[in-house]
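Those protein sequence lines, which keep their order, are chains A and B. So the mapping is simple: my numbering equals the position in the first sequence, first residue as 1, plus 43. So the mapping is simple: my numbering equals the position in the second sequence, first residue as 1, plus 43.
For identical chains, the list gives no copy identity; a pair is met inside one copy or between any two copies.
Derived lysine to any residue pairs resembling SDA-like cross-links, with alpha carbons at most 25 Å apart:
no.	residue 1	residue 2
1	K77	A183
2	K67	E117
3	K158	G254
4	K67	R127
5	K67	A131
6	K77	A52
7	K67	R128
8	K232	A91
9	K77	A148
10	K232	P90
11	K67	E116
12	K77	R145
13	K77	E149
14	K232	W197
15	K232	F266
16	K67	L129
17	K158	G144
18	K232	E222
19	K158	R145
20	K232	R194
21	K232	E66
The set of hints was computed from the structure by calculation and includes no laboratory data. Quick caveat, the model's predicted, so the values are computed rather than measured.
Number of protein chains: 2
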Amino acid sequence: MTRQLHAFALSPYCRKVRLALAEKGLGVDLVETKPWERPHALVRLNPAGETPVLVEEDGTVVVDSMAICEYLEEAYPDVPLLPRRLDARAEARRLVAWFDGRFRAEVTETLLDEKVMRRMRRDGGPDSDFIRLGAANLRAHLAYLSQLADRRNWLAGEALTLADFAAAAHLSCLDYIGEVDWEAYPAAKTWYARIKSRPAFRTLLSDHVPGIPAAAHYADVDF
Amino acid sequence: MTRQLHAFALSPYCRKVRLALAEKGLGVDLVETKPWERPHALVRLNPAGETPVLVEEDGTVVVDSMAICEYLEEAYPDVPLLPRRLDARAEARRLVAWFDGRFRAEVTETLLDEKVMRRMRRDGGPDSDFIRLGAANLRAHLAYLSQLADRRNWLAGEALTLADFAAAAHLSCLDYIGEVDWEAYPAAKTWYARIKSRPAFRTLLSDHVPGIPAAAHYADVDF
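Pulled out of the complex, with its shape left as it was, chain A reads as follows (with noise of 0.2 Å):
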């Protein structure tokens, strides 16, 4: 049996781990998956439910977006998504926990969730006032984005880590539907067109969710 993730193309958590798995060099077979239609292949992996979930060649079944980084980690070392300082280690961990704790619940779960979500589980039309809220709070986690893509290499320093690819995978499901503007932030703009011509991103710029088209922009790499 090939490598399996389960996976829905516009989850922020899925995302990340496909990058993880591209960057390290691991083939992956996509089974493209919506969670809140709880299909029976998903459920009997993760009784939570939830995208994504790793099934190994040898059977190995691991759940939760970290968990899967953790162990993607452990088990494929040569390439390394966190840095080898305890410290950085930390930073770079608390930068992932900042995109899909912080960022999730005051941008992607309000933006993507009102402009697509709602519409892929038929589950009424957006609500403006959120969308507003969305909005403004993704320009200030930009601004933050941008003090450190202004003074580190990568989010968590010297190093691509896990936190850039935890940013760049809630950023790109934004940029997907053209709720990013860029141009405002140009040391963020910068720190997305560096990850974005990375061939791990190849994966997630073909990515294409029939009945929601992808900015024109999406999968330029000079955007």
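Starting from the known structure of chain A, fit chain B onto it as the hints suggest.
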């Protein structure tokens, strides 16, 4: 400087870290913190304004409860709280994510937030619909925990892991306010009695939150 943990007594995330520190035999000064007041000392260490934050003797700052636990595993491996086998580590991390993600959203944030945190934040009275929903969700989770405790020595397998501490951290907060009907879930009760009697648990049993008295049996190891 001694090791410090900025923590709030009824935060399950802080409790998980306190249990991990105590089990590893690492002394710590608790800096009692009310994160919703956004105290300067906290926000300076963690721009997300959340507890727990660990400050090591050498000044290293570690933010986010799971990042702290992973850091403690790496810095102080003598008493491991994750198994050695990669698939067993993944299972322990899955359960940490289950309790800190799903259990938090379905139980802790409804029951504990409505019954206690609103009062502490002076943010209106409890909503009885939420409390009923949280109580029903708690029963479903206790049934799942009983299943795990019935067929395994500890929740993630043979050894005590961070999964047990994550679960005990949430349940001990709910037990503090007397919300857990242990008698209806004997396997869960046996598991909780075992973890409650560990020396590492003593720090939690002496907690006293001003204005929120602990339930009569809270500190009783024979409950």
